[in-house]
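J.: So the chains spell out like this:
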Amino acid sequence: MTGIRVKKLVSAEFALEADFSLGPGITALIGPPGAGKTLLLETVAGLATPDEGRILLDDAILFDGQARVNLPPVRRGCGYVSQADSLFPHRTLRQNLEFAARRFARLERHRRVAEAIEHFTLTDSAALRPADAGAAERLRCSIARALIGEPVLLLADDAGFDGALFGLIRTHFRGPILLAARDLDLASTAASEMALLDHGRIVQRGAPRTVLDQPATAEAARLAGYENLWQGTIATLDRAANLSRLECGGFALSVPYLPGHLRGDRVWVAIRAAAVRPRRADSPPAPNVIPVELVRVAWRAQSVRLEFAGPIVAEVSLSQFAALGDNKSLSLELPGESLRVIP
Amino acid sequence: MTADWSPLWLSLRVALLVSVLALVVAPLPAWWLARRSWPAVTLFARFLASVPAVIVASLAVPAFTWPVAVAAGLVRAVPYTLEACRTAFQSLNPGYVKAARMAGASDWRIFWTLALPLDGRAALRAAVEVFAETILEAAVARWIVGRLSAPAAGAILLTALAGHALALWLRREAGAIAEGQGGR
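Protein sequences, first through last, are from chains D and R. Take 749 as the starting number for the first sequence in the working numbering and just add one per residue. Take 3 as the starting number for the second sequence in the working numbering and just add one per residue.
No lab work stands behind these hints, which were simulated from the structure alone. There may be inaccurate statements among the hints.
To be verified - A few chain R residues facing chain D, derived, Cβ under 7 Å:
no., residue
1, 98
2, 100
3, 101
4, 103
5, 105
6, 106
7, 119
To be verified - Just some of the chain D residues that point at chain R, by a computed CB distance under 8 Å:
no., residue
8, 793
9, 818
10, 821
11, 822
12, 828
13, 834
14, 842
15, 852
Note that beta-carbon positions come from the ideal geometry of N, C-alpha and C, so glycine has one too.
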């Protein structure tokens, strides 16, 4: 079993408090900067000491606050790729790898370094110092350095990975990966498990699709990328018609029946910007259409982001935006199936 | 009449010994102190570094010989170099230290393989500054206890000026390197 249960008081305002187990695949830790992702990885790596808790890796105890067990980083079986460029600048890429393999006997060290250079296609840049190598080569070298000791667990801290790099890592490392990430798309593509971390606490975890589609709390919805989040009151509950009506400040929304709720309950309503449908004012009537005032239009490479008073944000394709024509008088359709009601 | 150059050789000897000894002695305790927060030690070191110890010794010690001048010079030079090294080591990228720890490197090894190669220039710069300060102090002390010929005084002043210019150049170089690394 691989499990992490740690508490660490960092300041009066911030404490890390996490308790979760790691599966065999990639677990993505999602959270804003300052949520405690790096600190969590460092407690597992042995670079930061928790105040209390227990860290198990394949049933081996790495840290136990009560039993006063605290293995040094090198004996934990973890590889660590840090967020910042941490290759030693005065050494070549090969020498960086040699440094990481220095605990092995000379022949073994040479074998490991040669393999790492070959596996991570560093042959042409092995003799370069990090400043002279490209960013991609430096990142591959950082990963090679983390894996050179054949760790049981790889800890990767938001280091700018992409899908291709995960493919390369997976070719040479089959163990679990704990990945701190900000990129939801990358995390949902690569990870088999996702944990949302906010202010030192895990607010939700599960399969990426579940976490992204069914946020359990308002914080989880924010972290899962729901730009539109309002508080509302349940005005009507009609089980027979499978309909609930929510009063959200200046507008009302219809959603499917909400079991386990009572009239008057306060709930959060969330919808992704991409699910909001701007309509021309002369469009045929539809449920959940609200009048809005357009505040700002931001052009992106493949889409247009529309910001309305409220605030409500919508993201549409370039062609959809062109079809809106005169965008001075718009309304927004909030499709019921895209609305998430959060207790 | 030939000029008396002995104060120049004496001041050079004292300044060279003091700066070399400070360079040898200071970096290791500075590395140890860099990872601790002891304001009292910092305050004491800065106080000692601000005292013109060679001049004070020339006034206070009746038998003021060159070994006494060296000992007095070290009272100022070691804390000065130590503080300069400590500040430099504190700015060592924590990512490098973490990577070294993941590889099983001890504090001692991190000092030799990372701290000194990457930030050792601060120690060198401090030693050059110490040399320039000490040679002036030694000359003033010599002037207090005995005679100081004008040509020797001029040569000492020029040497001190050259030392400060070298220290300034080293400082600018260090700034340029740091900027270059930060810009990557």
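J.: When the nearest CB of chain D is found for residue 106/R, is that gap smaller than 7 Å?
T.: holds (3 Å)
J.: May I ask you to test the interface hint for residue 842/D with respect to chain R, counting a Cβ-Cβ separation under 8 Å as satisfied?
T.: violated (15 Å)
J.: Using 7 Å as the Cβ threshold, decide whether residue 103/R counts as touching chain D.
T.: Holds, because the Cβ-Cβ distance from residue 103/R to chain D comes to roughly 5 Å (cut-off 7 Å).
J.: Minimum Cβ distance from residue 98/R to chain D below 7 Å?
T.: Constraint on residue 98/R satisfied, holds at 6 Å.
J.: Per the CB criterion, is residue 105/R less than 7 Å away from chain D?
T.: Interface hint status for residue 105/R: holds (4 Å vs cutoff 7 Å).
J.: Given a cut of 8 Å on the nearest C-beta pair, is the interface hint for residue 818/D held or broken against chain R?
T.: Violated, about 13 Å.
J.: With 8 Å as the cut and Cβ atoms as the points, is residue 793/D at the interface with chain R?
T.: Holds, about 7 Å.
J.: Hold the hint about residue 100/R up to the distance rule: shortest CB distance to chain D must be less than 7 Å.
T.: With a minimum Cβ separation of about 5 Å from chain D (threshold 7 Å), the hint on residue 100/R holds.
J.: Using 8 Å as the Cβ threshold, decide whether residue 828/D counts as touching chain R.
T.: holds (5 Å)
J.: Identify whether the interface hint at residue 834/D stands, where standing means a beta carbon of chain R within less than 8 Å of its own.
T.: holds (3 Å)
J.: Does the CB of residue 852/D sit less than 8 Å away from some CB of chain R?
T.: violated (10 Å)
J.: For the hint on residue 822/D, does the least C-beta distance to chain R fall short of 8 Å?
T.: OK, holds: residue 822/D within 8 Å of chain R, min 3 Å.
Checked against the numbered hints given earlier, this structure breaks hints 9, 14, 15; the rest are met.
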